[in-house]
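2 protein chains.
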Amino acid sequence: MGGDNAPEQIVKGAVLAANAPERDFGILLCGPKDIVEEELKKNSYSGDAITIIDAPDIVAMDEPPAQVLKTKPKSGLVTCVGLQKQGIAQASVSAGNSGAMMATCLMLLGRTANVARPAIACAVPTAKRQVILLDCGANVDEKASVLVDFALCGSVYAEAVMGYENPTVGLVNVGEEEKKGTEVLQEAYQLLKQAPLNFIGNVEGRDLIKGNADVAIAPGYAGNVILKLMEGFYELTKEVFGEVETEKSKEFNRLWDYRNHGGGLLLGLNGVGIITHGRADSVAIYHSLFTACRFAKANVPAKIAEKLAGIKA
Amino acid sequence: MGGDNAPEQIVKGAVLAANAPERDFGILLCGPKDIVEEELKKNSYSGDAITIIDAPDIVAMDEPPAQVLKTKPKSGLVTCVGLQKQGIAQASVSAGNSGAMMATCLMLLGRTANVARPAIACAVPTAKRQVILLDCGANVDEKASVLVDFALCGSVYAEAVMGYENPTVGLVNVGEEEKKGTEVLQEAYQLLKQAPLNFIGNVEGRDLIKGNADVAIAPGYAGNVILKLMEGFYELTKEVFGEVETEKSKEFNRLWDYRNHGGGLLLGLNGVGIITHGRADSVAIYHSLFTACRFAKANVPAKIAEKLAGIKA
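Protein sequence lines correspond, in order, to chains A and S. When you read off a place in the first sequence, starting at 1, and then add 4, the result is the number in our numbering. When you read off a place in the second sequence, starting at 1, and then add 4, the result is the number in our numbering.
Hints were generated in silico from the structure; no laboratory data involved. The structure presented is a predicted model; accordingly, all values stated were derived computationally and were not measured. Honestly, I wouldn't trust all of these hints.
A pair holds if it fits inside one copy or across any two, identical chains being indistinguishable in the list.
Claimed, not checked - Pairs of lysine-lysine residues, derived as DSSO-like cross-links and limited to a Cα-Cα distance of at most 27 Å, are as follows:
# : residue 1 : residue 2
1 : 184       : 74
2 : 214       : 197
3 : 46        : 242
4 : 78        : 37
5 : 197       : 311
6 : 183       : 74
All chains, full assembly: derive it from the sequences and hints.
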């Protein structure tokens, strides 16, 4: 029931995924049983890939995130993450209150050992291919060491899920030199140099668009602004160049349409969570489900834990 | 002699401006006399709009900014700002070492009374029209009150030079609510509400692209990243859609080509300074000269001083 387009687009996206021949996962739709059943009927779905889990509580978008676990224990969000905790589900996807999703995942699944703060990572488009940008807004006023955790988490994801070998890591900054940027960024630069990462130094806004780093690290404030600018850019190009159909434009649209990006990946948790856009439509939900499956199969949380354990030891 | 394309493109841009029928200013080209003369000859310029001021010193791009005034007193940069201090020039434009330009302007022209930190403002493109974004990287780790100064300076510029009546001011942030973002941004929000500004609250990345605020305020770190993302984005659209020629695409190119933006406007100084892109070509220089003229004619520094005096009183 989360997001602007629930339940219609959420259920429609689940059905799209259920009907995809390449699907290799089952879908538990957590929401008010009668409403979800009704939607499934509208979509004429009668296969066995979708199971409805009754979750009658509704989480409002302005509901205080940390309280949802207690006040809305039978919401789709809490139910789904709860199934993950029990080992029944292997990943949770929500288009709803993103603070509530993060808080519930944190409380039920817990943080990965040695990760100070989980982050929201996004597979954002560039001129070349998707790169992992984090943090996209889960945190503010991070310490330098937290940015290094982001880099380690993002690097594991880029390798395990995106298949990028020895992914390059860049620090989003205002210039190439070590002594550029805020105090925190300057300190992070020094820590990143020493970390077991393929750190390529600072990347500026233009380098980011060029795809010069496979993993781009930014404080949550800047990462969130970057993510939303990219969405805004893409929407603007649709307005201006929407009628153009060339090989290049098709590739551009495939890369830049945020519905294809899979959503906000929660990294640093003992489990797999994805926060999709509040405006997610069925195509966005479809891609988030496939991304969640790859994320879970790649065993990212365990790999992050392993990497961090090695460092701390 | 500043920037990647000096002296060729700088002189060519000056000649372009000198030959423009709508030009209502004279141009003092400050650089090594023989080199500049040679370039003017290549451009077959023989009019009287350009005067060469001999300035044989060359400022390197990695020269420590604060020392240039002493170590390179006869550089084009120091000579030009010096002429402004004497009242002979009314504005200075440089494509060279931007830190040196800011430091020299600060030392020779001084800050506007009550402005804590000068900023670099840029007229950046949106879906609608140019908006003033600041700070684009002159500062890092700003206090909340400094962001309010940026808003006042940018607001004066938007009204006086861009002709935007009662310009709207937005704070670049991660969400609409007052309590979003870093501590500094939350504090700035409260201060901006009380300031004599048309403050419309927080603007997110997508709102910025939509042109929802005439003046967009961000810490220098984020502002710089935004500016360079916008450049990178425009370059990408040229690669993908470069061959498209429609009314919409022409308007888009006119708005988004950073060469048309005039350069980085130094706000908060007792004088008019513009830092152009290091890669500035003749078209960028041409536009920066016209922008400098409008900036000076609009008497922005005096208007900023007046506005701030009113507030502090």
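Verification of the hints:
Taking the shortest Cα distances, residue 184 and residue 74 sit within 27 Å of each other only across copies (24 Å), while inside one copy they are farther apart (45 Å). Proximity of residue 214 to residue 197 under the C-alpha cut-off of 27 Å is restricted to the intra-copy arrangement: shortest distance 22 Å within a copy versus 38 Å between copies. Proximity of residue 46 and residue 242 under a CA criterion of 27 Å is satisfied in neither setting, with 30 Å inside one chain copy and 43 Å between copies. When the C-alpha separation of residue 78 and residue 37 is checked against a cutoff of 27 Å, the pair qualifies only within one copy, where the shortest distance is 12 Å, while the shortest distance between copies is 79 Å.
For the identical chains of this complex, residue 197 and residue 311 are intra-copy neighbours only, at 16 Å inside a copy versus 46 Å across copies, given an alpha-carbon limit of 27 Å. Taking the shortest alpha-carbon separations for residue 183 and residue 74, only the inter-copy value of 23 Å comes in at or below 27 Å, while the best intra-copy value is 46 Å.
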